[in-house]
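Engineer: Since chain X is already given, all that's left is putting chain C with the ligands on it; use the hints.
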Amino acid sequence: MIDVKNISKSFDGNQVLKNISITFEPGKTNLIIGRSGSGKTVLLKSILGLFDIDEGEIWYNDRNLVKMSNKERKLLRSEIGMVFQGGALFDSINVEGNVRFPLDMFTNMSGPEKTQRVQFCLDHVNIDRKAYKLFPSEISGGMQKRVAIARAIALNPKYLFCDEPNSGLDPETSTVIDQLIQSLTKEFQMTTIINTHDMNSVIEIGESVLFISKGEKEWVGTNREILDSGSQKLDDFIFANKLYAQMKKGK
Amino acid sequence: MRMGFFFHVGRYFSMLSKVFARPEKSKMYVRQLFLEIDNLGVNSVWIVVIISIFIGGIMTIQFAHALANPLYPNELVGLGTRDTLLLEFSSTMLALIMAGKIGSNITSEIGTMRVTEQIDSLEIMGVNSASYLIFPKIVAVVFIFPFLYIMSVFFGLLGGLLTGPLVGVVTVPQFIDGIQWLFYPYYITFSIIKCLVFGFLVSSVPAYFGYYVQGGALEVGKASTKAVVNTNILILFFDLLLTRLLLT
Ligand SMILES: Nc1ncnc2c1ncn2[C@@H]1O[C@H](COP(=O)(O)OP(=O)(O)O)[C@@H](O)[C@H]1O
Ligand SMILES: [Mg+2]
Chain X
2 MIDVKNISKS
12 FDGNQVLKNI
22 SITFEPGKTN
32 LIIGRSGSGK
42 TVLLKSILGL
52 FDIDEGEIWY
62 NDRNLVKMSN
72 KERKLLRSEI
82 GMVFQGGALF
92 DSINVEGNVR
102 FPLDMFTNMS
112 GPEKTQRVQF
122 CLDHVNIDRK
132 AYKLFPSEIS
142 GGMQKRVAIA
152 RAIALNPKYL
162 FCDEPNSGLD
172 PETSTVIDQL
182 IQSLTKEFQM
192 TTIINTHDMN
202 SVIEIGESVL
212 FISKGEKEWV
222 GTNREILDSG
232 SQKLDDFIFA
242 NKLYAQMKKG
252 K
Chain C
147 MRMGFFFHVG
157 RYFSMLSKVF
167 ARPEKSKMYV
177 RQLFLEIDNL
187 GVNSVWIVVI
197 ISIFIGGIMT
207 IQFAHALANP
217 LYPNELVGLG
227 TRDTLLLEFS
237 STMLALIMAG
247 KIGSNITSEI
257 GTMRVTEQID
267 SLEIMGVNSA
277 SYLIFPKIVA
287 VVFIFPFLYI
297 MSVFFGLLGG
307 LLTGPLVGVV
317 TVPQFIDGIQ
327 WLFYPYYITF
337 SIIKCLVFGF
347 LVSSVPAYFG
357 YYVQGGALEV
367 GKASTKAVVN
377 TNILILFFDL
387 LLTRLLLT
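Chain order of the listed sequences is X and C. Remember, the numbering used here sits 1 above the position in the first sequence when you count from 1. Remember, the numbering used here sits 146 above the position in the second sequence when you count from 1.
Simulated from the structure, these hints should not be mistaken for lab results. Think of the CB as a built atom: it goes at the ideal place given N, C-alpha and C, for glycine as much as any other residue. Be a bit skeptical, because a hint or two may be false.
[What the hints assert, rightly or not] List time: in silico EDC-like cross-link candidates among lysine to aspartate or glutamate, alpha-carbon distance up to 20 Å:
(1) X:Lys159 with C:Glu269
(2) X:Lys215 with X:Asp55
(3) X:Lys115 with C:Asp323
[Unchecked claim] Chain C residues, not near chain X, derived (Cβ > 12 Å throughout):
(4) His154
(5) Asn189
(6) Leu393
Same shape as in the complex, but just chain X:
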């Protein structure tokens, strides 16, 4: 569980996050949605500790990130997996090497143990053995995201963060990635947080949805409740797409 309490963050006087509180539960796909520039990435990176927040508390179960020493932060990081917007695979290392990297860096596993773990993770995201020796530039965007997911779960994290995992993907591949993240979340009981502006993802896997607008928490609920949120801003965001507007009328 991750508990965010009253966090605020600004850059050079430009306040990007305004007093946000939210609880993310384990075993669930927790979504953060909002327009581009609304502060989703900053929120995610603040929760991760990549940005220092100005005010508030971030609790990982019973540990407060804000009060952690460097050593404790490091320990926490080993429990976190992250999938970046563009995949952020190391482009000088092949597919297999990317997934092996955290194992090399942070475990004392033997060679065969690592190989086994790499295969386990890549099998989970349906990457074929034939692709192991390919470099990130040689595989498709959807495959890059899947390898990034495999790398993120290599160390068996308790917490999984995904920043727009579907950006740049076609709708069908997006659905595959969404379902993959959801099933991994259930299987390993991770606390998963996903940034997205993709309404399909919201409908598909929005077990808990936080909507932020200009850095403010506007609404929290599930995908079932989202059409009747009563929030004008949320409606504007959702029904920017005409199809959804018709769905609402005809529901």
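Structural biologist: Below, chain C with the ligands alone, put in the same frame as chain X:
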């Protein structure tokens, strides 16, 4: 926001303090170091050989032209070529050229990793990204520079030896005698010291420009250009400083 000179100097040194922090897993660093020596050093050998042969040859012809007066012994051509290579060309000029080759390579590699969030990715895993990415590059370049220097002197002299007699401005025995006249071994010590300093500049300054890039591919390109220009200025500044301190 405009950032001044002192801001950059401060941030450069704070980056260096991260770079030289104790590594988390030395085995990974050693592996990285060998990759960098290969990538940055060994791949620079050919360009050094070619440039040095040409410049050595050209300098020989020019010295012969300048010393055409029959009062000067022809051996001076060899001596002049040798000392120019030893003192200035194979250290400073080579460093300027390497700033263009190695430096821009370092900035674009690290800068690309920054804008594609590969550096964030390392940080999230708990890797000290500055140290993991930059430390092996600095060590590799500082290590390789003295070798490139010695190679450049050797091939520069070879270029003179081939070109001088070929165009008929000096004979082979004159040139070979000349390069042994009035030889001060201290010139080599002095230049190796310069090489170590330049190696540090050529790796760390471009790394700085890459590490703090913000934006996208365009900004990475701009950062590479800035890195090369600033590295060149620093090389010349330190050349002046070291020459003043160590040679006079
Ligand atoms: N490192 C930074 N420095 C200054 N401003 C930033 C930084 N990162 C993000 N911002 C600003 O914060 C706002 C929210 O950005 P972001 O969280 O990336 O939005 P998104 O919801 O699209 O992910 C934007 O206005 C952006 O300009
Ligand atoms: Mg974003």
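Engineer: Are the hints correct? Go through all of them and say.
Structural biologist: Against the structure, the hints:
no.	hint	in the structure
1	X:Lys159 with C:Glu269	holds, 17 Å
2	X:Lys215 with X:Asp55	holds, 17 Å
3	X:Lys115 with C:Asp323	violated, 62 Å
4	His154	holds, 18 Å
5	Asn189	holds, 14 Å
6	Leu393	holds, 41 Å
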